[in-house]
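K.L.:
Sequence:
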Amino acid sequence: MSTKDIFGQFLKPNSIFKNRETLRSTYMPEELPHREKEIEQLASVLVAALRGETPSNIFIYGKTGTGKTCVTKFVGNQLIKTGKSLNKPVEFIYINCQVVDTQYRVLTHITNQFIKKWDERVPFTGWPTDEVYSKLMECIDRFGGAVTIVLDEIDKLVMKSGDDLLYNLSRINSDLKVAKASIIGISNDLRFTELLDPRVKSSLGEEEMIFPSYNADEIKDILEKRAALAFKEDVIAPGVLSLISALAAQEHGDARRALDLLRVAAESAERDGGTRVEESHVYEALERIESDRISEVLRTLPTQSKLVLISAIKGEELKGGSLTTGEAYEVYKQMCNISGYPVLTERRVTELISELDMLGIIEARVVSFGKYGRTKEIKVGSQRGEVIASLSREPSILELLDMKGKQKKLDAL
DNA sequence: AATCCACAGGAAGCCCGGGAAC
DNA sequence: GTTCCCGGGCTTCCTGTGGATT
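Residue numbers 45 to 457, in the numbering used here, belong to the letters of the first sequence in order.
For the record, the hints were derived by calculation from the structure and aren't laboratory data. If you're wondering where the values come from, they're calculated on a predicted model, not measured in any experiment. Treat the hints loosely; a few may be bogus.
No farther apart than 16 Å at their CA atoms in a straight line, the calculated lysine to aspartate or glutamate pairs in the EDC-like style are these [stated by the list, open to error]:
| no. | residue 1 | residue 2 |
| --- | --- | --- |
| 1 | LYS245 | GLU262 |
| 2 | LYS276 | GLU65 |
| 3 | LYS423 | ASP401 |
| 4 | LYS224 | GLU182 |
| 5 | LYS117 | GLU74 |
| 6 | LYS81 | GLU252 |
| 7 | LYS350 | GLU430 |
| 8 | LYS204 | GLU238 |
| 9 | LYS179 | ASP233 |
| 10 | LYS423 | GLU407 |
| 11 | LYS204 | ASP233 |
| 12 | LYS179 | GLU164 |
| 13 | LYS125 | GLU164 |
| 14 | LYS117 | ASP185 |
| 15 | LYS221 | ASP185 |
| 16 | LYS204 | GLU395 |
| 17 | LYS132 | ASP185 |
| 18 | LYS200 | GLU164 |
| 19 | LYS107 | GLU295 |
| 20 | LYS269 | GLU407 |
| 21 | LYS276 | GLU311 |
| 22 | LYS423 | GLU360 |
| 23 | LYS224 | ASP185 |
| 24 | LYS107 | GLU252 |
| 25 | LYS200 | ASP233 |
| 26 | LYS264 | GLU295 |
| 27 | LYS160 | ASP185 |
| 28 | LYS269 | GLU74 |
| 29 | LYS221 | GLU407 |
| 30 | LYS81 | GLU340 |
| 31 | LYS160 | GLU182 |
| 32 | LYS200 | GLU399 |
| 33 | LYS125 | ASP185 |
| 34 | LYS276 | GLU322 |
| 35 | LYS350 | GLU277 |
| 36 | LYS420 | GLU430 |
| 37 | LYS420 | GLU395 |
| 38 | LYS350 | GLU399 |
| 39 | LYS350 | GLU395 |
| 40 | LYS350 | ASP401 |
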């Protein structure tokens with residue numbers, strides 16, 4: 045290549061964006077349309093913090109993309125702001141329990157939020173949990189104000205490590221001498237409270253809020269407001285926003301997904317060098333989002349999970365249909381022997397299969413063949429091609445997929 | 001109605017690598 | 001050093017179960 049300006053060619057032309065960031069899920073808009081009621085309700089509970097009282101604990105439910113996180117953070121920001129202007133000590137701590145996913149980690153995370161103000165820290169491992177808890181109490185009391193702790197995706201944590209953390213946090217106020225604390229739990233699974241100890245349930249569920257899904261009109265409205273911030277004039281072809289809202293409404297009214305679709309569609313329009321986002325770009329985006337998701341998941345998949353996945357693909361191919369757990373395990377064992385990886389137990393492999401199912405890479409559902417047992421029916425779903433393409437980027441894996449003449453062994457099945 | 005298959009999936013505990021405190 | 005913690009991956013052992021077959 046000559047001295048051509050390689051970046052310039054991408055920088056200069058016809059960017060259709062005015063501000064791309066406004067379409068990202070991290071962006072916090074100044075207003076949240078169709079969530080006024082929820083904001084008000086949440087604020088009416090949390091205002092107690094500004095009066096020096098203890099706000100009630102709250103459970104928030106709603107499907108993904110219904111604005112739970114957004115509304116909570118929004119109100120939290122306002123709370124801090126107002127607290128500052130009134131000179132009231134309030135603290136608002138947000139934790140995503142899918143990322144911070146054990147009792148110990150949540151406690152250290154919260155503690156470190158306070159502690160960093162006075163230059164210490166709790167190590168990420170090493171201390172007994174109750175010591176972290178005591179330290180947390182000490183820190184909150186030293187802070188002395190009202191603390192609101194948000195546990196987002198709380199169902200993930202409870203499913204993984206039980207409700208010990210929630211039990212401890214629910215009696216937090218009786219351990220505090222001067223400060224006050226309240227908990228906001230956010231979940232998209234309505235049934236998860238069934239897993240909780242009744243005491244925890246009643247203590248944390250003092251207030252309950254349910255976020256309804258957006259309908260297509262509301263999503264369209266949200267999109268229009270964001271699009272006005274994100275794009276230059278007349279960039280969106282007519283019908284595009286309606287199409288996206290309709291697609292998102294099909295998926296239980298997921299606003300985040302709608303915004304993603306719009307952003308990715310616009311990006312592919314931009315790449316084409318076009319000046320308008322057309323409906324075709326939306327369909328392109330639909331596929332692109334899915335395939336990006338899959339390759340991202342596969343990239344970070346542990347080797348054993350990959351082996352199980354390949355076994356499912358290969359087994360399906362050999363059998364010409366869906367597999368049972370037992371069949372998949374047989375293929376998996378062969379696969380390990382061939383490639384020299386250690387063979388895990390069937391118990392572990394069923395767990396890996398379930399994980400792959402939850403990641404949406406394969407479909408595994410429990411079926412009963414009556415007298416002939418009860419097992420899981422395993423299918424490498426509609427994204428089969430995408431999965432294989434993604435896996436094939438790794439040479440060592442490619443070898444396994446080809447299975448170079450080793451079918452003989454597998455034919456024995 | 002009872003049986004019984006082929007697993008599902010819970011519980012406990014091991015081992016390892018991280019670290020703290022003494 | 002030793003001894004204590006926590007978490008992740010894993011095994012061992014186990015009880016539970018939907019529904020075709022008996």
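K.L.:
Each hint: holds or not?
P.N.:
Right, here's what the structure says about each hint:
no.: 1; hint: LYS245 - GLU262; in the structure: 33 Å, violated
no.: 2; hint: LYS276 - GLU65; in the structure: 14 Å, holds
no.: 3; hint: LYS423 - ASP401; in the structure: 9 Å, holds
no.: 4; hint: LYS224 - GLU182; in the structure: 12 Å, holds
no.: 5; hint: LYS117 - GLU74; in the structure: 12 Å, holds
no.: 6; hint: LYS81 - GLU252; in the structure: 14 Å, holds
no.: 7; hint: LYS350 - GLU430; in the structure: 14 Å, holds
no.: 8; hint: LYS204 - GLU238; in the structure: 14 Å, holds
no.: 9; hint: LYS179 - ASP233; in the structure: 32 Å, violated
no.: 10; hint: LYS423 - GLU407; in the structure: 5 Å, holds
no.: 11; hint: LYS204 - ASP233; in the structure: 14 Å, holds
no.: 12; hint: LYS179 - GLU164; in the structure: 11 Å, holds
no.: 13; hint: LYS125 - GLU164; in the structure: 26 Å, violated
no.: 14; hint: LYS117 - ASP185; in the structure: 24 Å, violated
no.: 15; hint: LYS221 - ASP185; in the structure: 6 Å, holds
no.: 16; hint: LYS204 - GLU395; in the structure: 13 Å, holds
no.: 17; hint: LYS132 - ASP185; in the structure: 15 Å, holds
no.: 18; hint: LYS200 - GLU164; in the structure: 29 Å, violated
no.: 19; hint: LYS107 - GLU295; in the structure: 10 Å, holds
no.: 20; hint: LYS269 - GLU407; in the structure: 37 Å, violated
no.: 21; hint: LYS276 - GLU311; in the structure: 14 Å, holds
no.: 22; hint: LYS423 - GLU360; in the structure: 7 Å, holds
no.: 23; hint: LYS224 - ASP185; in the structure: 8 Å, holds
no.: 24; hint: LYS107 - GLU252; in the structure: 15 Å, holds
no.: 25; hint: LYS200 - ASP233; in the structure: 9 Å, holds
no.: 26; hint: LYS264 - GLU295; in the structure: 14 Å, holds
no.: 27; hint: LYS160 - ASP185; in the structure: 15 Å, holds
no.: 28; hint: LYS269 - GLU74; in the structure: 11 Å, holds
no.: 29; hint: LYS221 - GLU407; in the structure: 51 Å, violated
no.: 30; hint: LYS81 - GLU340; in the structure: 37 Å, violated
no.: 31; hint: LYS160 - GLU182; in the structure: 14 Å, holds
no.: 32; hint: LYS200 - GLU399; in the structure: 13 Å, holds
no.: 33; hint: LYS125 - ASP185; in the structure: 21 Å, violated
no.: 34; hint: LYS276 - GLU322; in the structure: 15 Å, holds
no.: 35; hint: LYS350 - GLU277; in the structure: 46 Å, violated
no.: 36; hint: LYS420 - GLU430; in the structure: 23 Å, violated
no.: 37; hint: LYS420 - GLU395; in the structure: 12 Å, holds
no.: 38; hint: LYS350 - GLU399; in the structure: 11 Å, holds
no.: 39; hint: LYS350 - GLU395; in the structure: 13 Å, holds
no.: 40; hint: LYS350 - ASP401; in the structure: 13 Å, holds
Taken one by one, the earlier hints fail for this structure at numbers 1, 9, 13, 14, 18, 20, 29, 30, 33, 35 and 36, listed in ascending order.
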